[in-house]
Amino acid sequence: MNEVQAEAHEHPAYQRHHFETIAQQFDATNFAMWLFLLTEVMFFGGLFTAYLIMRNWYYPAFVEASHQLNIGWGTANTGVLIVSSFTMAMSVWNAQMRRKKGLVACLLLTFVLGLVFLGIKSIEYTEKYEKHHIPGFHYSMSSFLDPASDPEVHNAYPEDKPLQLDMARHTELYFFLYFAMTGMHALHMIIGIGILAYLIVRAQAGDFTTGHVTYIENFGLYWHFVDIIWIFLFPLLYLISRH
Amino acid sequence: MSTTTIVSLPDQSTARIPKMNFLTKENGLLSWLLTSDHKRIAILYLISITFFFFIGGSLAGLIRLELLTPQSDLMAADTYNKVFTMHGIIMIFLFLVPSVPATLGNFFIPMMIGAKDLALPKINLLSWYLYVFGGCLVIYTMAAGGVDTGWTFTTPLSTHYVNTNVMSTGLAIFIAGFSSIFTGLNFIVTIHKMRCPGMTWFRLPLFVWSNYAGSILMVLGTPVLAITIVLVALERTVGIGVFDPTRGGDPILFQHLFWFYSHPAVYIMILPGMGVMSETISTFSRKRVFGYTAVAFSSVAIAVFGFFVWAHHMFIMGISNYAALVFSLLTMLVAVPSAIKIFNWTLTLYKGSITFETPMLYSFGFMGLFTIGGLTGVFLGSSGTDIHLTETYFIVAHFHFVMVGGMLMAFLAGIHFWWPKMTGRMYPEKISQLAAVVTFIGFNLTFFPQFILGTLGMPRRYAAYPPEFQILNVFSTAGATVLGVGYLLPVIYLVWSLKYGAIAGSNPWQATGLEWQTQSPPLAENFPITPIMDHEAYDYDWLESQQAKEVASV
Amino acid sequence: MSNQQEMYEQEHHIVSPMIYLTILGALLVATGLTVWASYIDLGEWHIAPGVTLFWNPVVALAIACSKAILVVLFFMHVKYSTKLTKLTVISGFFVFLTLIGLTLSDYLSRAWGRW
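Protein chains in written order, with my numbering: chain A, 8 to 250; chain B, 21 to 574; chain C, 2 to 116.
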C-alpha cells in the first residue's frame, strides 16, 4: 500500500467511517449501551411498582406464598449469577490484555454459568407446575388454605397459619409477579446467552484481542445489569420473611 | 402581507441541482431499504408518516361526519368507538411522536452539529423498520375489526370487557415504542459525542436542545409503556388479576403506569416542534433567539418536570385527594418553562426584521394556538376545574390546540423551512401561504367550538349527544372540511415542486445554521471537510461576513 | 503501536483481577448475610401512631442496594468512568425512584380519608 493510501486510511479496520477517532467510537457505543440499560431499568421498574403495591396490600399471602420457593435453589442461583458476573468482568480484562485463551475460557465459563442458572430456574418452574402454583393454569390454593396438606413446606415453616379464602386467593397474585419478574429476567438471560455464543465464536477467531474491546465491554455491561436485576429479585421474592 | 422577502435564490437560468448529493450517490430500491444514511432514513420516515397521517385524518373525517347529527346514525356506537380509538392511536404513535424527530431530527441533527451521521446508523434503520412493522400491525388491527377501548386502554375495560383486538394493537404500540426509544437513544449519544470542533453546548442550535430533551423523555418514559402493555396482555390471556378488583388488583395501577409514559409523551411530541419554532422565528426576524440560555434550559426543565405530573390525567379516577393536590401543584410548575419559551420567541420578534414566508405564517399560528392550548391546560391542571371539564370536549379541544394547532403547525413550518435543503428545490410560495391561512382558519373553526361544547357539558367519546349541541358540532365539522383542504394542498404542491420548483441553492433563507452552509441537497457525508464552529448560534453578523467573502459569480 | 491505540489504553483504566476477586468475595458474603438476616426477626420501629417501619425489608433492600452499587462501580467500571456515565446512572435511578415514589404517594395517602 503506498504512502498516500496508508495515510488516508490510518485508522484501525474496526473503526466505522462516521467516527473521527477510535476513542470517539468506543465512547459513543459505550454511552449508547448505558442508555439502553436505562430503558431496561424503567422496563423492569413497572413490574417492581406493581410488586410493591401488591406486597403491601397482601403481605400475609406474599409471606406464605414465598415459603413455597426453595431458598436453597434461590441462593444457589444468586451465587451462580454473581460468579458469572465475575467471569464476565474477567473476560473484559482478558480482552484488554489481549489474552485470547483467557478471554475464550472466561466467556465459556460465563456461558456455562448462565445455562446453570436457567437449569435451576427450570427445576423451580417445574416444581411450581407440579404443585399447581402457576396462575391461570389450574391454580390451587390448597397449600395455603390448609398448610398441613403440603408437608414439605409445612415442616420447614410450621408457624404458617391457614389463610382466609380471600387472602389465599391473593397468593395467585404473588405467583403471577414471581413468574412475570423471573420470566422477564430469564428472557433477558436467554438473549444474553445467545449473544455470548456469538461472542465466543468471534473471540476464538481472534476478533477481540486486537484492541477492539467494545463488544465485550458493552455486552459485559448488559450481563452485569441482568445480574443486578436478580440481586433485587432474590430478596424481594425469596426472602420476604423466613422467620 | 409585506412584499419584502429574505429569500435569496441563485440565478435560475444557470442554477442546477448539484450532481453529487446524497440522492444521486446510489441508486435502486435496496440502496434505500438498506441505507445507513440518516438523510435517506429521514425521507423514508417522511413518506411513512404522511401515509399514516392521512389514514388518521380520514378517521377524523369520519368522526366529524358522525357528529354532524345528534343521533348515532352514520355508524353504530361500537364502530364509532373503534374509529376514535384508531384515530388516536395512529395520530399519536404513528404520526406525532415520530413527526419532527424521525424526519427533521434525523436529517438535520448530524448536520447541525457538524457530524457525518448519527452515532448508530444501523440502529437508525432498525428504528424505521420497527416503525413500519408497528404501522402494519395497526393496519392489520383495523382490517381485523379495530379496537374500541380508546387510545388510553383503560382497565378493566381493555382487560375484561371487550372482545376487540387489544392484543394486536398492544403489540403494534410495543414495537413502535421501540422505534421511538432507538431514535431517542441515537440522538442523545450523537449530541453528546459527535459535535464538531468548536461546537460547545451553548453554540448548538436550539432545535438540537429541544430534540435532546425530547429524546431523554423517549428513552426513559417509553419502556414503562412497554411493560404496561405486557401486563395488559398477560391480564387478558392468563387473567392473573393485577388490574382486576375482583381478584385483589387495582385498575388505577394500570393508569399510573400508563400515564407515567403518556404524559411525558405529550412533551415528546411538542418539544421538537418548539425546536423548529426557535429556528424559524429567528430566521424570519433576522435576529438571534432572545434568551438562548433560558430557552435551552427550559427545554430540559420541561423534560424533567414532565415526569412528575402524570396523575393530572387521573383526578377523577380514584386517586387520593392528597395525591391529586400534589400532582395539581406540580402541574402548575410544568407550565412555566413552556411559557418562558413563548415569551422568548415573542421578544425575538420585537425589533426584528419580520417577513411572512410560509414557515413564519405557520410559526405565528403555532404561537397563538399553542398559547391558547397551553392556557387551557392550566385550567385542566387545577383539580377543582378539572373535575368538571375532564372527559368533556374541553379536553378534546385542549389537546387538539396544542397538538394540531401547535405541533402539526410546527411540523409543517419545519417541512417548508427545510424543504429547499432536503430537495434542492423551493416550494411555490403563494399557494403555500394560502394553504397556511386555510389551515389556520379551518383549525379555529373546527376546534374553538369544542371548548364551548366542553364547558356546556358535552362528553367526549360519545357518538350521540343532546340536540342542543348540534349547531356547534356543525361548525366544527365545517371547519374540519376546510382543515382537510389545508392539509391536502401541501402534499400536492410539495410533490409538484420536486420536479418544477425553483432551484434553491445552499442558503435560500440566509439562515445561520451549519446545515445551510453546504449544498442543497447535501452530500452523502454532509460536509466536504469537518466544519469548525467558531461563532455563536444565530450569529447573523458572522453570516454577513461569510456572504461578503463568497464568490457570487465568475 | 499507533498513537491512537496508546491514547485508548491511557483513557481506559484496566481494572485488576484482584479487585474483581475482592468484589466477588464481598458479593457472596453479602448474599449469605441477607439470607441469614431473613431468618431472624429484626423487629420494628414505631415512628408514630399507625406508622410502623419493619426492619427486615429495610435490611434486605439495603444489602441488595449495596451489592448493586458494588457491581455498578467495579464490574461495570463506573468508578473509573466519565462524569457523563455517572450522571447517566444516577438519572436512571432517579426516574425509577420518581415512578415508585409518586405512585406510592397515591396509595399510601388513600387511607388518610377525605380532608
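Keep in mind that a hint or two might mislead.
Said to hold, decoys possible - So the derived label-pair ranges between C-beta atoms look like this:
{"#": "1", "chain 1": "B", "residue 1": "363", "chain 2": "C", "residue 2": "15", "range": "48 to 58 Å"}
{"#": "2", "chain 1": "C", "residue 1": "83", "chain 2": "B", "residue 2": "448", "range": "12 to 22 Å"}
{"#": "3", "chain 1": "C", "residue 1": "51", "chain 2": "B", "residue 2": "142", "range": "48 to 58 Å"}
{"#": "4", "chain 1": "B", "residue 1": "44", "chain 2": "C", "residue 2": "88", "range": "21 to 31 Å"}
{"#": "5", "chain 1": "C", "residue 1": "92", "chain 2": "B", "residue 2": "218", "range": "51 to 61 Å"}
{"#": "6", "chain 1": "C", "residue 1": "83", "chain 2": "A", "residue 2": "217", "range": "41 to 51 Å"}
As the list claims (entries may be wrong) - Some chain A residues flagged as far from chain C (calculated, every beta-carbon gap over 10 Å):
{"#": "7", "residue": "82"}
{"#": "8", "residue": "131"}
{"#": "9", "residue": "176"}
{"#": "10", "residue": "200"}
{"#": "11", "residue": "232"}
{"#": "12", "residue": "249"}
To be verified - Among the chain B residues that face chain A by a calculated CB cut under 10 Å, a handful are:
{"#": "13", "residue": "31"}
{"#": "14", "residue": "34"}
{"#": "15", "residue": "37"}
{"#": "16", "residue": "213"}
{"#": "17", "residue": "241"}
{"#": "18", "residue": "508"}
Because the hints were derived from the structure by calculation, they are not lab data. No residue lacks a Cβ here, since even glycine has one placed at the ideal position from N, Cα and C.
Status of each hint after checking the structure:
no.	hint	result
1	B:363 / C:15: 48 to 58 Å	52 Å, holds
2	C:83 / B:448: 12 to 22 Å	50 Å, violated
3	C:51 / B:142: 48 to 58 Å	56 Å, holds
4	B:44 / C:88: 21 to 31 Å	42 Å, violated
5	C:92 / B:218: 51 to 61 Å	27 Å, violated
6	C:83 / A:217: 41 to 51 Å	24 Å, violated
7	82	6 Å, violated
8	131	16 Å, holds
9	176	20 Å, holds
10	200	18 Å, holds
11	232	8 Å, violated
12	249	4 Å, violated
13	31	35 Å, violated
14	34	34 Å, violated
15	37	25 Å, violated
16	213	4 Å, holds
17	241	7 Å, holds
18	508	38 Å, violated
Violation of the numbered hints given earlier is confined to hints 2, 4, 5, 6, 7, 11, 12, 13, 14, 15 and 18; the remaining hints are satisfied by the structure.
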